[in-house]
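Visitor: Here is how the chains run, residue by residue.
Protein chains: 2
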Amino acid sequence: MPALYFTEVEYRARLAATKVEMEKSGFDTIILSDPANIFYLTGFDAWAFYSPLFLVVSCNLDQPIWIGRFMDAVSARDTTYLRDENIRSYPDHFVQSSTSHPVEPTSEILKERNLDKGSIGVEMGAYYYTARIHAEFVRNLPNVRFGDAELLVNRVRLVKSPAEQDYMRQAGRIADAAMAAAIDKCAPGVRECDVVSEIYKTQISGTPEFGGVYTTSPPHFCAGERVRTPHGLWTDQPLQNNSPLNIEIAGARLHYHCPISRTVYLGQPPESYWRLADAVVEGLNTTMDSIRPGMTAEEVELVWRKSISRHGFEKEARLGYSIGLGFPPTWGERTTSLRPGDKTVLQPGMAFHCMSGLWLENTGIAITQSFLVTENGNEPLTLFERKLAAKN
Amino acid sequence: MPALYFTEVEYRARLAATKVEMEKSGFDTIILSDPANIFYLTGFDAWAFYSPLFLVVSCNLDQPIWIGRFMDAVSARDTTYLRDENIRSYPDHFVQSSTSHPVEPTSEILKERNLDKGSIGVEMGAYYYTARIHAEFVRNLPNVRFGDAELLVNRVRLVKSPAEQDYMRQAGRIADAAMAAAIDKCAPGVRECDVVSEIYKTQISGTPEFGGVYTTSPPHFCAGERVRTPHGLWTDQPLQNNSPLNIEIAGARLHYHCPISRTVYLGQPPESYWRLADAVVEGLNTTMDSIRPGMTAEEVELVWRKSISRHGFEKEARLGYSIGLGFPPTWGERTTSLRPGDKTVLQPGMAFHCMSGLWLENTGIAITQSFLVTENGNEPLTLFERKLAAKN
Numbered sequence: 004m005p006a007l008y009f010t011e012v013e014y015r016a017r018l019a020a021t022k023v024e025m026e027k028s029g030f031d032t033i034i035l036s037d038p039a040n041i042f043y044l045t046g047f048d049a050w051a052f053y054s055p056l057f058l059v060v061s062c063n064l065d066q067p068i069w070i071g072r073f074m075d076a077v078s079a080r081d082t083t084y085l086r087d088e089n090i091r092s093y094p095d096h097f098v099q100s101s102t103s104h105p106v107e108p109t110s111e112i113l114k115e116r117n118l119d120k121g122s123i124g125v126e127m128g129a130y131y132y133t134a135r136i137h138a139e140f141v142r143n144l145p146n147v148r149f150g151d152a153e154l155l156v157n158r159v160r161l162v163k164s165p166a167e168q169d170y171m172r173q174a175g176r177i178a179d180a181a182m183a184a185a186i187d188k189c190a191p192g193v194r195e196c197d198v199v200s201e202i203y204k205t206q207i208s209g210t211p212e213f214g215g216v217y218t219t220s221p222p223h224f225c226a227g228e229r230v231r232t233p234h235g236l237w238t239d240q241p242l243q244n245n246s247p248l249n250i251e252i253a254g255a256r257l258h259y260h261c262p263i264s265r266t267v268y269l270g271q272p273p274e275s276y277w278r279l280a281d282a283v284v285e286g287l288n289t290t291m292d293s294i295r296p297g298m299t300a301e302e303v304e305l306v307w308r309k310s311i312s313r314h315g316f317e318k319e320a321r322l323g324y325s326i327g328l329g330f331p332p333t334w335g336e337r338t339t340s341l342r343p344g345d346k347t348v349l350q351p352g353m354a355f356h357c358m359s360g361l362w363l364e365n366t367g368i369a370i371t372q373s374f375l376v377t378e379n380g381n382e383p384l385t386l387f388e389r390k391l392a393a394k395n
Numbered sequence: 004m005p006a007l008y009f010t011e012v013e014y015r016a017r018l019a020a021t022k023v024e025m026e027k028s029g030f031d032t033i034i035l036s037d038p039a040n041i042f043y044l045t046g047f048d049a050w051a052f053y054s055p056l057f058l059v060v061s062c063n064l065d066q067p068i069w070i071g072r073f074m075d076a077v078s079a080r081d082t083t084y085l086r087d088e089n090i091r092s093y094p095d096h097f098v099q100s101s102t103s104h105p106v107e108p109t110s111e112i113l114k115e116r117n118l119d120k121g122s123i124g125v126e127m128g129a130y131y132y133t134a135r136i137h138a139e140f141v142r143n144l145p146n147v148r149f150g151d152a153e154l155l156v157n158r159v160r161l162v163k164s165p166a167e168q169d170y171m172r173q174a175g176r177i178a179d180a181a182m183a184a185a186i187d188k189c190a191p192g193v194r195e196c197d198v199v200s201e202i203y204k205t206q207i208s209g210t211p212e213f214g215g216v217y218t219t220s221p222p223h224f225c226a227g228e229r230v231r232t233p234h235g236l237w238t239d240q241p242l243q244n245n246s247p248l249n250i251e252i253a254g255a256r257l258h259y260h261c262p263i264s265r266t267v268y269l270g271q272p273p274e275s276y277w278r279l280a281d282a283v284v285e286g287l288n289t290t291m292d293s294i295r296p297g298m299t300a301e302e303v304e305l306v307w308r309k310s311i312s313r314h315g316f317e318k319e320a321r322l323g324y325s326i327g328l329g330f331p332p333t334w335g336e337r338t339t340s341l342r343p344g345d346k347t348v349l350q351p352g353m354a355f356h357c358m359s360g361l362w363l364e365n366t367g368i369a370i371t372q373s374f375l376v377t378e379n380g381n382e383p384l385t386l387f388e389r390k391l392a393a394k395n
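In order, the protein sequence lines correspond to chains A and B. Counted the way the numbering used here counts, the first sequence spans residues 4 to 395. Counted the way the numbering used here counts, the second sequence spans residues 4 to 395.
Derived from the structure by calculation, the hints contain no laboratory data. Where hints are given, some of them may not hold.
One copy or two, it doesn't matter: identical chains are merged, so the pair holds either way.
Stated by the list, open to error - DMTMM-like, lysine to aspartate or glutamate: derived pairs with alpha carbons at most 25 Å apart:
#, residue 1, residue 2
1, Lys-188, Glu-212
2, Lys-394, Glu-111
3, Lys-309, Glu-26
4, Lys-346, Asp-197
5, Lys-22, Glu-111
6, Lys-346, Glu-111
7, Lys-394, Glu-26
8, Lys-390, Asp-151
9, Lys-22, Asp-65
10, Lys-394, Asp-281
11, Lys-346, Asp-95
12, Lys-22, Asp-197
13, Lys-188, Glu-382
14, Lys-309, Asp-197
15, Lys-309, Asp-95
16, Lys-27, Glu-364
17, Lys-114, Glu-378
18, Lys-346, Asp-292
19, Lys-390, Glu-88
20, Lys-394, Asp-169
21, Lys-390, Asp-119
22, Lys-120, Glu-364
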């Protein structure tokens with residue numbers, strides 16, 4: 004029996020919602036490549052997307068068809084509700100071959116199922132839907148009209164079910180624990196890699212009640228000079244006293260992510276840095292106090308923008324993004340952003356990372372908050388105190 | 004001053020070798036998307052490929068041009084030797100936008116540098132070179148003939164320099180330490196996630212002399228029923244006695260990877276499982292004893308195939324693949340595979356993971372070896388004993 008993370012009823016509802024969107028967009032069939040979308044619709048959970056991996060959803064089929072490398076089909080039987088006939092694979096000689104491509108046998112499966120016609124949506128901008136894959140589909144399926152179905156399923160994922168919300172709360176507990184372990188370990192003279200190793204240990208061991216899985220992205224750990232950069236890598240160097248350090252991480256529970264960033268200051272922060280921290284914390288708190296269903300994404304950003312501008316600051320980058328399921332290379336859902344122009348209306352069950360950080364010419368700071376939109380307002384997904392972690 | 008991992012002389016040699024391959028292939032310019040290739044030619048090291056990231060190499064320019072999201076340009080200044088004029092970026096409103104795409108400003112930069120003509124190679128099958136990105140380039144650069152330059156730089160990377168070989172040996176030490184930590188932690192009743200957390204901790208803390216960085220892929224940790232699967236995910240469940248457990252991990256030193264797999268058997272393995280282990284270890288040892296420069300990749304596989312067939316076993320999947328630099332989702336270089344038909348001639352400085360594992364109907368085993376090809380034979384990159392780790 005496969006070990007499903009959700010009920011089959013929930014998977015059926017997700018599939019039904021996807022088919023509604025397909026009909027709206029005029030697609031008879033879609034071919035998915037985004038591992039998060041494949042996981043969402045089937046539960047498939049193995050590291051298989053390094054080789055072309057597809058999920059074919061057709062309005063005329065009751066189940067999707069999983070197609071991947073032969074040796075990963077066993078994992079499809081172990082982790083999905085799909086019937087055996089809907090778990091298909093290509094032989095190993097197609098893997099990273101210079102003379103053939105996995106899309107050839109994949110196209111044969113589509114023909115066999117009579118799906119090699121009409122309008123097929125593909126995820127044009129999904130990370131693993133390469134230009135080569137698309138060219139091979141166009142060549143192998145000459146009777147198909149291809150259209151762009153990128154983000155079609157991502158948008159279905161925007162509102163989280165109660166079961167998904169529970170996993171996101173658990174991810175929040177893991178994120179809290181990992182950030183606490185990091186800050187606890189930070190001290191002048193400790194190698195950066197030794198702090199990060201404690202983060203990883205806690206991200207995976209999780210809590211006594213539930214463990215964690217890998218996150219889509221490594222910790223962003225920016226100390227010393229790199230505090231000006233948002234996505235830098237840790238080094239082997241020892242931490243220095245009297246300087247800030249930005250840590251951005253997530254907890255991941257069964258691929259549901261809850262991110263958090265905190266700045267740690269080793270030593271006594273100068274007055275100017277406290278002012279920066281106060282502006283960011285005030286901006287974050289003011290924003291969080293305002294968030295409720297019915298607001299648009301851009302209205303949320305405006306609250307923050309007004310607040311920090313009173314302190315003379317400005318942020319070019321978006322204030323945040325929708326979160327939920329994630330596979331490398333990002334825990335953002337790639338749909339809604341908290342920024343000017345995004346008119347998505349917040350609904351109960353949506354989740355976001357409010358990325359209230361500033362990267363300035365010579366320094367940086369990040370004190371952030373992941374949250375769920377609720378019926379009446381919002382629920383913080385991490386419980387970590389919103390403040391600069393000054394550590395003497 | 005940027006913190007370079009290699010001398011500028013070495014970066015210049017890599018660029019020169021790349022330009023030789025470009026001329027052979029008839030490309031005036033190539034646009035790279037593979038993060039490992041971008042790292043290889045410039046040293047760029049930050050988590051920036053979740054948004055379109057490009058490196059433009061032209062035969063007419065002395066340096067490549069880095070193009071990415073504006074907030075990651077600071078990391079390009081911190082980690083590469085590129086002059087400021089060659090670090091370019093696009094504003095934040097292009098990131099995950101529904102109305103514009105980062106290829107638009109990227110194409111403007113190409114025009115400005117007079118590179119919007121002639122024959123341009125792109126990495127058609129590279130993970131982050133999406134169908135959308137390619138379509139946008141074709142639309143924005145109508146005077147360009149696009150060709151496929153996938154693996155052009157990957158092939159330049161096949162033979163490792165002495166400095167790269169040193170990093171790979173260090174990655175091997177980290178892999179050895181992480182595997183030792185895993186086996187040490189394994190015991191009946193211990194949660195799978197708690198074993199994996201020790202792996203991560205050691206992968207990152209590394210050794211007292213050098214730390215580790217994130218690996219391209221999470222540990223593949225397949226216990227119980229999942230021992231039949233090669234790329235399964237750990238669970239929260241406690242390990243059971245009297246069953247095998249496959250662990251595949253890597254150590255990563257500055258993105259140079261050294262993978263290793265071992266099977267742990269908790270309890271007393273039955274005679275039949277010992278026979279399986281003996282066949283795999285004999286096959287691996289026989290293969291390793293044979294490997295020397297001048298052999299072809301398929302000849303290496305044949306040694307293994309003959310050895311295990313004497314015990315009645317057969318492996319459909321390739322025996323191994325070239326290793327070196329890696330970014331998610333794979334530590335394989337995607338060039339040479341140890342399998343029938345691959346006629347690549349082994350040369351000193353090439354590195355491979357000999358993936359001597361078998362996944363059978365009801366069980367699985369993996370006892371593998373990463374190695375460098377040397378002047379006279381080969382050098383094992385991990386020192387872990389090649390045997391089944393039976394643990395009573």
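Visitor: Would you mind marking each hint as holding or not holding in the structure?
Guide: Outcome of the hint check:
1. Lys-188 to Glu-212: Intra 23 Å, inter 19 Å, cutoff 25 Å: intra and inter.
2. Lys-394 to Glu-111: neither (61 Å within a copy, 47 Å between copies)
3. Lys-309 to Glu-26: Result: close neither inside a copy nor across copies, 41 Å intra and 54 Å inter.
4. Lys-346 to Asp-197: neither (43 Å within a copy, 43 Å between copies)
5. Lys-22 to Glu-111: within (23 Å within a copy, 39 Å between copies)
6. Lys-346 to Glu-111: neither (42 Å within a copy, 29 Å between copies)
7. Lys-394 to Glu-26: neither (56 Å within a copy, 56 Å between copies)
8. Lys-390 to Asp-151: Neither, since 43 Å and 50 Å both go past 25 Å.
9. Lys-22 to Asp-65: This pair counts as within: shortest intra-copy Cα distance 10 Å, inter-copy 52 Å.
10. Lys-394 to Asp-281: For Lys-394 and Asp-281, the Cα distance is within 25 Å only inside one copy (16 Å; across copies 55 Å).
11. Lys-346 to Asp-95: For Lys-346 and Asp-95, only the inter-copy Cα distance (17 Å) is at most 25 Å; the intra-copy one is 46 Å.
12. Lys-22 to Asp-197: neither (48 Å within a copy, 40 Å between copies)
13. Lys-188 to Glu-382: Classified as neither; 29 Å inside a copy, 37 Å across copies.
14. Lys-309 to Asp-197: Answer is neither: 39 Å inside a copy and 45 Å across each miss the 25 Å cutoff.
15. Lys-309 to Asp-95: between (57 Å within a copy, 19 Å between copies)
16. Lys-27 to Glu-364: Neither. Shortest intra-copy (47 Å) and inter-copy (43 Å) distances fail the 25 Å Cα cut-off.
17. Lys-114 to Glu-378: Classified as neither: same-chain Cα gap 46 Å, cross-chain 51 Å, threshold 25 Å.
18. Lys-346 to Asp-292: Answer is within; shortest intra-copy Cα gap is 20 Å, inter-copy 64 Å.
19. Lys-390 to Glu-88: Cα proximity of Lys-390 and Glu-88: none, with 54 Å in one copy and 38 Å across.
20. Lys-394 to Asp-169: Close neither inside one copy (33 Å) nor across copies (37 Å); limit 25 Å.
21. Lys-390 to Asp-119: Neither way: Lys-390 and Asp-119 sit 56 Å apart in one copy and 49 Å across, limit 25 Å.
22. Lys-120 to Glu-364: neither (54 Å within a copy, 36 Å between copies)
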